[in-house]
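2 protein chains.
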Amino acid sequence: MRVPGQLYLTYLLALCLGLLCVIFVVYWNATWRGGFAWDGSAMQFNWHPVLMVTGLTVLYGKAAVLYRLPLTWGGSKLPWKLLHASLTLLSFLLAVLGLIAVFDFHNKGHTPNLYSLHSWIGISTVALFTGQWLLGLASFLLPCTPLELRRRAKPLHVWLGSTIFILGIAASVSGINEKLIFSLKGNNGTAQYSALPQEAQFANMLGVLIVVFGLAVLRILSNQAWQRPEGENSEVTQPLLQD
Amino acid sequence: MRVPGQLYLTYLLALCLGLLCVIFVVYWNATWRGGFAWDGSAMQFNWHPVLMVTGLTVLYGKAAVLYRLPLTWGGSKLPWKLLHASLTLLSFLLAVLGLIAVFDFHNKGHTPNLYSLHSWIGISTVALFTGQWLLGLASFLLPCTPLELRRRAKPLHVWLGSTIFILGIAASVSGINEKLIFSLKGNNGTAQYSALPQEAQFANMLGVLIVVFGLAVLRILSNQAWQRPEGENSEVTQPLLQD
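From first to last, the protein sequence lines are chains A and B.
If you read the first sequence in our numbering, its first letter stands for residue 11, the second for the next number, and so on.
If you read the second sequence in our numbering, its first letter stands for residue 11, the second for the next number, and so on.
It should be emphasised that the hints constitute simulated quantities derived from the structure, not laboratory data.
Among the hints, a few may not be true.
Which copy? The list can't say, so a pair holds if one copy fits it or any two copies do.
To be verified - Computed list of lysine-lysine pairs in DSS-like fashion (alpha-carbon distance at most 30 Å, straight line):
| no. | residue 1 | residue 2 |
| --- | --- | --- |
| 1 | 189 | 72 |
| 2 | 118 | 189 |
| 3 | 87 | 72 |
| 4 | 87 | 164 |
| 5 | 87 | 189 |
| 6 | 72 | 164 |
| 7 | 195 | 164 |
| 8 | 195 | 118 |
Since we're looking at a predicted model, the values are computed, not measured.
All chains, please: the whole structure from these sequences, using the hints.
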């Protein structure tokens, strides 16, 4: 099967954009938000955007497009399923750590949790991700799952995967916007957000990068011609321990 | 061709959710934000969320899934192309009016425009929408367009259509979040956003409805089995004036 060069280009673009997102979110918080700590201070909060963007967006996105890499197409699918499960598990753990960072910061400062639309979308994303990971484990790795259930679970798993990714992008954009509104008030030596100081330009650019990374990943996922060529039953006959 | 009941159910769900989004955004601004006017006041601003949600999200989403309606599958495609073009044009005009509402409000209050990430995503969405509409007109309705160009433009038009829709969802979520942060500061007789007063709960719910509507529309668009059955060349042989 001929693999179009456009797939490689889009894949490379997604790789570079993802890396840029991580660099940007770390640099933003290290340079303008005071850096990182785990002491209940604003420096602990700074882990929240870093861990969410790195876990729920970048790593998740890269795990989602793993099967589109032509080098994964030959031979057994099992090693790649295990890598996909590992990457999404790492992505999930980073996201949970990112949630702990913000809940802990809020609780120590007696700030309410989960009131903003950003937080509603974000927590729903992680809740769905939890279900998705467990569904994936049960459906595609455990050998005791009936084959029919495995077959039926795949379209749901694929659709829910993209859904969670899109929700993560919406949560990231609204979260960066919210953080800049809260932080850039023209006091504490900062300029106002509306004056578009360097930090605002940089963090806005981070938001744009996340969106473009998301679109590149969705482009790879949605192109039917770029899917892993599979035999009729290849998905259902390779659970864990049966390979 | 058998049409699965799930398509009808998802379509009905998208219709109801879209209607609910419009009702919610109007009710929010009419009840808690002081209603509507076109006088440069905050009441003029209130047209912004109403017009953007109605135009750029709900009407746009409904126009995008038009061809998935089985009743559009029989006979000539041209009337449906014209309806699709008309709905997206109306959607575009509402969005432009929504932009004028906020620019005018900002300018009269000497507030800078286009500084927040929300505004960057929003203005990019409308810019892409402009290009998309013109591309659609040139590619699929004008009879002078070369057939090869018409054929090549379709995948781009379809992909850009979903992209603009996703960007619109991200802009809506970040915009509602931003508006609630700016409005619910615990002064002027309002409770703080963090206290989650009734307005905050209601507008957050609007954001959730928009996201769920978006996911329903994307579900319809992404399911290959629900696409309009087309002959090899049906797309390229029905430009305007040639039907």
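inquiry  = Checking each numbered hint in turn, tell me which of them this model violates, lowest number first.
reply    = Numbers 5 and 7, in rising order.
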